[in-house]
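Peer 1: Sequence:
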Amino acid sequence: MKSVHDQFFGKLVPYNISQCRLWHVPAILESGWVIFTWDMLSKTIYILDATSGLSSQLKKRHEMVADKLHVALFACILNFFQKWHVDCSNWRKKFPFLMTSIFPKNQSGVCALHVARHFNGTSLEEILTHDGITRERGFLLHQILVIKGNISNLPQTQQDALGSN
Numbered sequence: 105m106k107s108v109h110d111q112f113f114g115k116l117v118p119y120n121i122s123q124c125r126l127w128h129v130p131a132i133l134e135s136g137w138v139i140f141t142w143d144m145l146s147k148t149i150y151i152l153d154a155t156s157g158l159s160s161q162l163k164k165r166h167e168m169v170a171d172k173l174h175v176a177l178f179a180c181i182l183n184f185f186q187k188w189h190v191d192c193s194n195w196r197k198k199f200p201f202l203m204t205s206i207f208p209k210n211q212s213g214v215c216a217l218h219v220a221r222h223f224n225g226t227s228l229e230e231i232l233t234h235d236g237i238t239r240e241r242g243f244l245l246h247q248i249l250v251i252k253g254n255i256s257n258l259p260q261t262q263q264d265a266l267g268s269n
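The opening position of the sequence shown corresponds to residue 105 in our numbering, with each subsequent residue numbered one higher.
Careful, some of the hints might be misleading.
Capping the alpha-carbon separation at 27 angstroms, the derived lysine-lysine pairs in BS3-like fashion look like this [as the list claims (entries may be wrong)]:
#1 Lys-187 / Lys-172
#2 Lys-197 / Lys-172
#3 Lys-198 / Lys-164
#4 Lys-164 / Lys-115
#5 Lys-252 / Lys-115
#6 Lys-198 / Lys-209
#7 Lys-172 / Lys-198
#8 Lys-252 / Lys-106
#9 Lys-147 / Lys-197
For each label pair, taking beta carbons as the anchor points, the in silico distance ranges come out as [unchecked claim]:
#10 Asn-120 / Ala-265: 37 to 43 angstroms
#11 Pro-200 / Cys-180: 36 to 42 angstroms
#12 Gly-157 / Thr-238: 29 to 35 angstroms
#13 Ser-159 / Asp-264: 44 to 50 angstroms
#14 Pro-259 / Asn-210: 21 to 27 angstroms
#15 Arg-165 / Gly-225: 20 to 26 angstroms
Because the hints were derived from the structure by calculation, they are not lab data. A virtual CB, placed ideally from N, CA and C, is assigned to each residue, including glycine.
Using the sequences and the accompanying hints, generate a full structural model.
Peer 2: Right under this line is the structure:
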């Protein structure tokens, strides 16, 4: 229970999580990575899957996963917060298609990270295209490599490519 508690109040959460409008939960499913986003203002769960055409069967599976995650999320909220500003009932689910293309399963992780970073509750602030996915991968790699506390030394070719000294 401590590890779950630390995701709400740990030293890596330097803000009041109860003031957040959008809560993103990534999940790896049979179809690939999917982002489930809770909008605390509109009481909407957005199911963001860039890798599927969302057949009715896949949509039902995603809804079942969303229901289970919703119960678990609100169990944590009710356990960790004295009073919460939104109740857990009467949430609707939406399946916005935010991409210009459908991406293959092996690119779902990059797509999911992009969606989590750029979804503003109604649309993507930056669209990911097939041409842009290589750039996105490079950006994510750079973010990982320069993360605070990373003490590894990169080979000179990677340093040159990233423009780091």
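Peer 1: Are the hints correct? Go through all of them and say.
Peer 2: Against the structure, the hints:
no. : hint                                  : in the structure
1   : Lys-187 / Lys-172                     : 22 angstroms, holds
2   : Lys-197 / Lys-172                     : 13 angstroms, holds
3   : Lys-198 / Lys-164                     : 12 angstroms, holds
4   : Lys-164 / Lys-115                     : 37 angstroms, violated
5   : Lys-252 / Lys-115                     : 14 angstroms, holds
6   : Lys-198 / Lys-209                     : 21 angstroms, holds
7   : Lys-172 / Lys-198                     : 16 angstroms, holds
8   : Lys-252 / Lys-106                     : 24 angstroms, holds
9   : Lys-147 / Lys-197                     : 9 angstroms, holds
10  : Asn-120 / Ala-265: 37 to 43 angstroms : 39 angstroms, holds
11  : Pro-200 / Cys-180: 36 to 42 angstroms : 25 angstroms, violated
12  : Gly-157 / Thr-238: 29 to 35 angstroms : 23 angstroms, violated
13  : Ser-159 / Asp-264: 44 to 50 angstroms : 45 angstroms, holds
14  : Pro-259 / Asn-210: 21 to 27 angstroms : 26 angstroms, holds
15  : Arg-165 / Gly-225: 20 to 26 angstroms : 24 angstroms, holds
In the structure shown, a violation is registered for the earlier hints numbered 4, 11 and 12, in ascending order.
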